[in-house]
Amino acid sequence: MSLQLSYDVVQRFYFIELIIFWEGRLTTNHLQQHFNITRSSASKYIQDYLQCYPHSLV
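Using my numbering, you'd call the opening residue of the sequence shown number 38 and step up by one each time.
If you are wondering where the hints come from, they were derived from the structure by calculation, not from laboratory data.
Heads up, a few of these hints could be off.
So the derived label-pair ranges between C-beta atoms look like this [as the list claims (entries may be wrong)]:
| # | residue 1 | residue 2 | range |
| --- | --- | --- | --- |
| 1 | 61 | 41 | 25 to 33 Å |
| 2 | 78 | 55 | 13 to 21 Å |
| 3 | 41 | 66 | 28 to 36 Å |
| 4 | 91 | 61 | 16 to 24 Å |
| 5 | 62 | 85 | 24 to 32 Å |
| 6 | 64 | 88 | 16 to 24 Å |
For every residue, glycine included, the Cβ atom is placed at its ideal position computed from N, Cα and C.
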């Protein structure tokens with residue numbers, strides 16, 4: 038089964054993985070500053086990522 042993700046979602050997920058690789062951690066602040074979004078939106082993006090890739094973050 039393959040996931041069909043929109044371009045925006047792919048960009049968000051790529052940024053999440055980039056930050057995790059570079060800093061070794063991820064906070065909502067990273068997403069808030071980069072995408073100019075609210076904290077609740079940033080939390081939702083992280084939850085969406087975890088739902089698609091549950092074993093990627095520890």
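Which constraints among the numbered hints does this structure fail? Numbers only, ascending. Going through the list in order, the structure violates hint 5 alone and respects the others.
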